[in-house]
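Those sequence lines, one after another, are chains A and B.
The first sequence begins at 1055 in my numbering and counts up by one.
The second sequence begins at 1368 in my numbering and counts up by one.
Quick caveat, the hints were computed from the structure, so don't treat them as lab data.
If you're wondering where the values come from, they're calculated on a predicted model, not measured in any experiment.
Derived BS3-like pairs (lysine-lysine); straight-line CA-CA distance at most 30 angstroms:
1. A:K1143 - B:K1966
2. A:K1143 - B:K2115
3. A:K1075 - B:K2175
4. A:K1118 - B:K1419
5. B:K2203 - A:K1118
6. B:K1877 - A:K1143
7. B:K1869 - A:K1132
8. B:K1959 - A:K1118
9. B:K1825 - A:K1132
10. B:K1966 - B:K2203
11. B:K1825 - B:K1391
12. A:K1063 - B:K2175
13. B:K2203 - A:K1063
14. B:K1419 - B:K1533
15. A:K1118 - B:K1966
16. B:K1509 - B:K1966
17. A:K1061 - B:K1424
18. A:K1167 - B:K1914
19. B:K2175 - A:K1061
20. A:K1132 - B:K1874
21. A:K1143 - B:K1834
22. A:K1143 - B:K1419
23. B:K1914 - A:K1075
24. A:K1143 - B:K1424
25. B:K1815 - B:K1391
26. B:K2203 - A:K1093
27. B:K1825 - B:K1693
28. B:K2199 - A:K1061
Given next are the chains, with one letter for each unit.
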Amino acid sequence: MNIVSNKYKTVKPENVKVWFKAAPTNVFPIDGGACVKYKDLQIAVFNFTRLNTWYACQNLSPEKQEMVLSRGMIGDHKGIPMVACPLHKKTFSLENGENLNGDLEAIATYPVKIEDDFVYVGFSE
Amino acid sequence: MKTIIVVGNGMVGYKFCEKFVAKKDSEEYKIVVFGEEPRPAYDRVHLSEYFKNQDAKALEMAPAEWYAENNIDLIVGERVTDIHRSTKIITTAKDRELSYDYLVLATGSSAFVPPIKGVEKEGVFVYRTIEDLEGMLEYAAKIKKTKPNAKAAVLGGGLLGLEAGKAVMDMGLEPHIVEFAPKLMPRQLDSRSSQVLQLKLESIGLNIHLSKATNQILGDKAITGMEFGEDDVLDVDMLIISAGIRPRDELAKTCDLEMGVRGGIVVDNKMQTSDPNIYAIGEIALYNQMIYGLVAPGYDMAGIVVDQILGDSKSLMAEEIDMSTKLKLIGVDVASFGEPFMPASKGHSIIFENKTQHLYKRINVSLDGKKLLGGILVGDASDYSMLHQIYLNGMAIPEDPAQLILPATEGGGSFGDVMDLPDEAQICSCENVTKGQICSTIESGESKDLADVVSCTKAGTGCGGCKPMVKDLTEATLKSLGIEVKDSICEHFDLNRQDLYKIIQVKGYKTFNEVLDNHGNGGHGCELCKPVVASLMASINADTANKEYAIQDSNDRFLANIQRNGTYSVVPRVPGGEITPDKLIALGEIAKKYDLYTKVTGGVRIDLFGATLNQLPLIWKDLIDHGFESGHAYGKSLRTVKTCVGSTWCRYGMDESVSFGIELENRYRGIRAPHKIKGGVSGCIRECAEARGKDFGLIAVEGGWNLYLGGNGGATPRHAELFAEQIDNETVIKYIDRYLMLYMRTAKPLQRTAAWQERLEGGIDYLKEVIIEDKLGIAEDLENEMQTLVNKFECEWTQAINDPEMMKRFNHFVNSDEEDDNLVFVPLREQKMPEKWS
Ligand SMILES: Cc1cc2nc3c(=O)[nH]c(=O)nc-3n(C[C@H](O)[C@H](O)[C@H](O)COP(=O)(O)OP(=O)(O)OC[C@H]3O[C@@H](n4cnc5c(N)ncnc54)[C@H](O)[C@@H]3O)c2cc1C
Ligand code: SF4
Ligand code: SF4
Ligand code: FES
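So here's chain A without its partners, still in its complex pose (with noise of 0.2 angstroms):
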């Protein structure tokens, strides 16, 4: 199953070639998030209003490899804005896909701009 997880690599903001028109911002809730479909890929979309910050990582729980992350809740854990798995809460910091309350890999993270309320998330290919 580990060759799913190997589709989703992080894109930093600077190797952003694609910028993939995702949904429009008022179908993801206030401070939570909803998953959005590129190609075949599953990428976890996060609103998070309280910092008026978005965030985008890989929908996979790289715990038990299912397409969970963005159900999850979202929050800080010492001040590092994450988002906690809904299977076994493990909680992922959104800022670089670290696993802040364990040793699972990191997770992947991908760049996300606002334009004329639409949200755009960012894919190196």
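Let chain A serve as the given structure and place chain B with the ligands on it in line with the hints.
Frame of chain A, contents of chain B with the ligands only:
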């Protein structure tokens, strides 16, 4: 660079490596470890945990990578066969040759198998390694197939034998303990305490046979029984031998090291054998003419050798070795320390015994009444840590030493505060951690809570017996520094749940952000505080989970239970378990239509598994059209009120349990609480509804209902306590209203009623005063609050499917109608299940 070869990668061999690499001069040495077992060292002390989940990794002392990271060559699955002392070379079973500067023998022991005729038969096991346990599990499964009530015996009623007895019970076999001596645990207990233990163990189903010498094992190929004497036979289908240990000293024989007459390699207080370049540690070492079958002395020996090799020649093994033990056998506390039994010429004994409660306590006091020499505790070992410390440190004892063991209600019990211990007092004997070390890691600011203390000092990471004391010490030290030990819900609030309840109620907050901005610590919330606030809003304002769905726990957010592969299960409410044939057919048809795996739950409802996010609203629309409503199986709220059929059909029934059960379930449905709530109603004392295993349970008796409160199943099962007798329906509702509301106001997050009630000062009597006698004058408030919640009930699924805005969240993707393409189902007995986790 010098080479140290460690033979044996067991607990002590591993500990040697750990202690060695922690020293700063260790880089000048190369360590090579040989282990005969196929895996790296694991925690043999907790071997029985392997029965729970067969997870060998969880028992590892350290993963294989740890050895590599620390520059240790670990070679597992390879036995060392010879030592050539003159050339300082060892050879292995795979003909490898390696030379050493120092050799550390940590070959441990193997289980001793007495030479009884027939021990080689199939179905006879020992209890020492993971492979032994695997063999037992496989064999037990095999015999249970042909013989559902198969029996298994354990030969040996000592510490380990009783642990094996528990394993036998867990494997679902009828357990028998066969002991040669006339009492259980002959080495740790005196006859009276042994009898108390025996009574207790028998009461939970262990069959105990004392003074039995086994002549032979019966059976053709496989064991069928044990014969003790003529006409004295016990039929058994499996046998676990636990008759002591034998040091694995065969290597010493190959090279003429000095050995004891009954085995073991002789060492001095440097742990040196008769060859100064060879050390022996752990269960192989014969020190003071004794083999010590416990980890703590083994760990000490490992530390001594580390020091000796690195040149600290003053580090020596203590003269006397503490063999005190405390353990929980099948839920029974047993402890013995110091000299558990001793002749009257050496001191006085004080004994407290209560056979009805399976309690026995004995302490031995010096003739002058000033020193504690040892003791035994059975049934309740909560005093153990303190008594053990008093004994180890030779502390002064009260004038009337009986106070040390008298139950608190009889005027004793309060003697001995952890903070009175001297700094050198050894709190954790496994890791050799003193009180001073624990206090100073807190005082220096290095440790801020119990978890920090454990990771900084390693206290409590061995046998775990010292944990209660480490916790007490940590709390007392924090307190002495003026640091409050808070039970705040998480890093975002300095408040506990009860405080937040009051604040939200008084201020009338409606959103999470209002609460966080006004009372939080400036952060943004997390997976701990969000659901707590959500649940409080629901308890106070009767909000459904639809209102602010992004702060709900995942299950509440989607009004369904998330399952292993991220799909959901659906449980409609079936109040009291009563269902019409038409509704049953409707459920079946809906399950078929959406291809859902269908199962009756433990709460006797019907659970439909495998629904995708996109399917949830469609399924619910169908269910609601057929007259169903949400069952709140996903919420921390009322689940079911389980009922027996009662007087409407049952010939024993005293009252209509179903009718009353339905009324109660409909009354409390949808109400959110700190944790889930379950009810039960039985029509007579035969208790077919298992009502006493529920948060609230009713049993119909002559003249009304008996009400039981605070029971639960789950990980720590507890029977509900009898609260009121022979009360009518109206009074039942009044009491349950008040009880649940009080629980909702004051419990901690995720605390079931059982745990809440147990920790409530004054317990059930206090509850009676508040609920029945209204001592706090809040009974009416509690009832009114509950009535408001009851009146405001609304089915949240009906609410959701009627609101297009709310429906938006039930899509896997926001930009596509496709479903999750990662889902894989495999067939299972004419239905389906998610593919296994890899
Ligand atoms: C079920 C159970 C419960 C227990 N509970 C407790 C408890 O509650 N408290 C307590 O203090 N103690 C308890 N013990 C005892 C404790 O486990 C032992 O004291 C401890 O494991 C001894 O460690 P050791 O390293 O000396 O020996 P071992 O753990 O036996 O390790 C020796 C290792 O050396 C290997 N070996 C042997 N010969 C060779 C060779 N020639 N070449 C290579 N490798 C070799 C063996 O295969 C083995 O892996 C329990 C034991 C068992 C079995
Ligand atoms: S508890 Fe009593 S009334 Fe209910 S089913 Fe059992 S026997 Fe009948
Ligand atoms: S006991 Fe409960 S939590 Fe455990 S596997 Fe069964 S359903 Fe899941
Ligand atoms: S005494 Fe065994 S872990 Fe502390």
